[in-house]
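*Asks:* Chains R, D and H: place on chain Y using the hints.
Number of protein chains: 4
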Amino acid sequence: MKVGFIGLGNMGGGMASNILKAGHEVTVYNRTSAKAEALAAQGAKVALRIAGACGGDVVVTMLANDAAVEEVAYGDGGVLASLARGATHVSSSTISVALSRRLAADHKAAGQRYVAAPVFGRPEMAAAGKLFVIAAGQPEAIETAGPVFEAVGQRTFVVSENSEAANLVKLSGNFLIASVIESLGEALALVGKGGVDQRLYLDMLTSTLFSAPIYKTYGTLIVEKKFEPAGFAASLGQKDIRLALAAAEALRVPMPVASLLRDRFLTLLAHGGDKLDWSAIGNLAAADAGEGKG
Amino acid sequence: MKVGFIGLGNMGGGMASNILKAGHEVTVYNRTSAKAEALAAQGAKVALRIAGACGGDVVVTMLANDAAVEEVAYGDGGVLASLARGATHVSSSTISVALSRRLAADHKAAGQRYVAAPVFGRPEMAAAGKLFVIAAGQPEAIETAGPVFEAVGQRTFVVSENSEAANLVKLSGNFLIASVIESLGEALALVGKGGVDQRLYLDMLTSTLFSAPIYKTYGTLIVEKKFEPAGFAASLGQKDIRLALAAAEALRVPMPVASLLRDRFLTLLAHGGDKLDWSAIGNLAAADAGEGKG
Amino acid sequence: MKVGFIGLGNMGGGMASNILKAGHEVTVYNRTSAKAEALAAQGAKVALRIAGACGGDVVVTMLANDAAVEEVAYGDGGVLASLARGATHVSSSTISVALSRRLAADHKAAGQRYVAAPVFGRPEMAAAGKLFVIAAGQPEAIETAGPVFEAVGQRTFVVSENSEAANLVKLSGNFLIASVIESLGEALALVGKGGVDQRLYLDMLTSTLFSAPIYKTYGTLIVEKKFEPAGFAASLGQKDIRLALAAAEALRVPMPVASLLRDRFLTLLAHGGDKLDWSAIGNLAAADAGEGKG
Amino acid sequence: MKVGFIGLGNMGGGMASNILKAGHEVTVYNRTSAKAEALAAQGAKVALRIAGACGGDVVVTMLANDAAVEEVAYGDGGVLASLARGATHVSSSTISVALSRRLAADHKAAGQRYVAAPVFGRPEMAAAGKLFVIAAGQPEAIETAGPVFEAVGQRTFVVSENSEAANLVKLSGNFLIASVIESLGEALALVGKGGVDQRLYLDMLTSTLFSAPIYKTYGTLIVEKKFEPAGFAASLGQKDIRLALAAAEALRVPMPVASLLRDRFLTLLAHGGDKLDWSAIGNLAAADAGEGKG
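Protein chains in written order, with our numbering: chain Y, 1 to 294; chain R, 295 to 588; chain D, 589 to 882; chain H, 883 to 1176.
Source of the hints: derived by calculation from the structure; they are not laboratory data.
Calculated cross-link-like contacts (lysine-lysine; reagent style PhoX-like; alpha-carbon spacing at most 25 Å): (1) R:K424 - Y:K216; (2) H:K1012 - H:K884; (3) D:K718 - H:K1098; (4) Y:K216 - R:K510; (5) H:K1121 - R:K533; (6) D:K804 - H:K1098; (7) H:K1107 - H:K1157; (8) Y:K130 - R:K510.
The following label-pair restraints were derived from C-beta to C-beta distances: (9) R:D568 - H:A987: 22 to 30 Å; (10) Y:P123 - D:E659: 42 to 50 Å; (11) H:K1157 - Y:E291: 17 to 25 Å; (12) D:E659 - Y:R85: 28 to 36 Å.
It should be emphasised that the depicted structure is a prediction, and the values quoted were computed from it without experimental measurement.
Note that CB positions come from ideal geometry on N, CA and C, so glycine has one too.
This is chain Y alone, in the form it adopts within the complex (with noise of 0.2 Å):
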């Protein structure tokens, strides 16, 4: 099959890679062509302009937001105005749940496809190809998409045929990553205030009821303090609350633990956080419980 793809960062910079092993024939794109020469070392295309990335079957775009994703899909050039009809975009950047929605209005008015599909998964777990990939859209489009998944991820949810559900989805996944985040941080900040050793503690937590990997993951990082480098920046984690949110006022849904969390990241921005891992919110309990920065 032949597949574009733009947006060669932490997590795409992967995901290309192992659409290339795959067997497929890749044409990537990337802003700053730096990034692109690593992948043209294993045998991919590399397209000057966007346009370049939009000649195949399907088109995948991996960025960082919403305006990287409204520039790279409306500008002069752009993937709607280059995508062939019956051509498929194939949306994995972390957007809000308004910006899938108009693209899926305008590529459908192009007579083009579209198809949302979000991935859980640190850049480790991209390069090894082992995402979860929250897809959603037509079933044709998500049938055509289906290689480069199968590609990149370890496995699909195919969550609605509403292409937007799976931007919702894949926020609250994140809200709820970081609910655990900031519940790790205040249990925390308890049991070490109460003398408890927090190492053992944690050994405790993630040997019984809390086994999921993600309490191994944070909790370590909160105890060690070890915020940087970020696997998931705190700017970016922030971003995300803020569209679980938006998304959450659309829909009138009062979310009171998300709000909590929007006021921690903005503390922790405030305080110049915004390039340590997002996991350094689960610092600031014990930072209130005047337990210092450590």
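*Replies:* Below, chains R, D and H without anything else, positioned relative to chain Y:
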């Protein structure tokens, strides 16, 4: 070993039974004697007064709350008055940090030993001898109680020589579980109102990042609105959040998620939910979002 | 002075009327012309297009939200296209800080002047010319607009030369009012469920420490559950809290009470409360406490 | 009238002085006798034991917290043991609803009368006889205590025949004041970080919609960061929010703003703020926004 066991409720009954099965000589006491009969049928001796269960090396108490433990420990003919010097009181009830501290001091003054050993696990795990035991106290006392822990649990975590630390850890654990219920409730309300199938969503979560059994257990209860009969009653959940907040106040640790949970439980109880499973707070986000109780 | 006035709603109608009464030559424009007739009867000229209201020294806009202001300002034949160089746009609508900043820049680029001048006061205060005007902008522009402010208000507060500051102040003021509503709602729910007569309680509060009129106004609405007709609709209250939170996010200021208010408004709207007075959020604490809506 | 007065702190000293000035025969008792001397110089008799202050028609207690009142009321030779049948105990301390209920029952059983009569006002208002008295109890007892209320206050509000209602009202009032402090703190943090002069802003607020003196009083303390010496210590504010939450829990009334205040006070105390004025919580929003403590 000669073991006394006081408190044969949903949890205590299973625990006493497993201590019997492990070959110990067990004398049980329960305020209402009917529950003692089942244990007698399994070979336990039945004491008619508290003192009758305090004649061995170890007496275990597994009671509903601080008031019950205070009565059993400090009442006329209670554990403190009846236990031999050098014998050990193992307190497995989920009680306040303050009462645990007081028990430690008073047992010490009486020449007795005290181990706080609350447990994690629902009644079916108690029946199966698969609880997780969180123990704290002087090493010799914990060693003495070791065979009891082996009989009732699948694993024991010794968290401190300071007995009250075990109660703090237990309360923090229940806080973490309740925070999972609340966060799941918010996420389910969001995606549900957004048109995503909640069962499919929950399956996705528990197959990927949220693989710990509590997500499946509680998520299913919330999705199916199956809050009766209660595995763990909302009134007990409310009590535990209150105790966690009391411990946090004494240590001066602000815990905003715990504060939110406090308000959720009060809302539930104000609407007559005392006897519902505590996971019913996971339905309140949807109720606030206008999704009804149905 | 020749003054244009665009937006003759509950607030704008009274304001325009008072500018007329002060002796200025007023040309009004309203999207639906019916509302302009009442002003015509008072001596106003009626413009059929926006441009027709932009021919004087000053044009005042008083519209419902960002979208309405954007359309009037940036649309074909809008204020920006129609206002003479050196003339002044006085924006009294409660709009976002971001839009106010954008208007300031674009008017400057067009050689026009811009003053942000949102007002405090309910419709009866607008009718009586008793509003409080919060003005910000370049001193000369504020001086030009001075006679307009005198006509509509009892007092003008010039808060900054930076026009967007006035919008920030206005939004923060509405946040403070909403926080009074919420706090009163919680206190009334508490003492009411405790058996205290709520009217007596409110009389005590407003006779002692809480003598500001808003406590009496909103407390009475809450106690009497008199939320219709709305003096200020919940949907507008929700919008203003959203704008306050957006401004706070841009400035990285966590505001937990504002976050709580956000969730309260969403709960109200999710239950169909869009057209209720915004003080209806003051009934939610009692509802959570099981006191019904009755 | 013969009046006993127990508790000559910042508030009690002024109150006792005003009862003397009104012409009553006053016998004072204070745990540390130094404070009694000033009253003796004004004509008061000084009792060396609690019983010595309980020989008249009325005894007023004005103490710091539940523990102090419990000791004075229930200790050997305490108020309950010393007061004549038919005599009246006026409890003006800010205590828990639960303790007030217990005192009512025990005084009744002893054939004595009990009036709960907490007061609003800072020490300077106590010295000036300008307090607001919130009274509850049986009408005859309140009538008996009337001359005392007239001596210490500018106005008395009888809120219920059920004495504990007065304590509930007092706690709810302190909750409302604290919520004003928090809301002002958030608003000031927002506009301050947005470049608005905070003094100008506060002047605008208090000249318009927020004319109640508490806005000026507390707003000025926050803007000037003048938290020492404390008019009302943060440790006492924390206690009152705790008592309000305890009363709300007993009545099953969720109060999210009170929960937030709880966390704010714990944060303040965790950073050593016990002796600061309670308005120091109004500085925490700015601190979270990175505006420092300076």
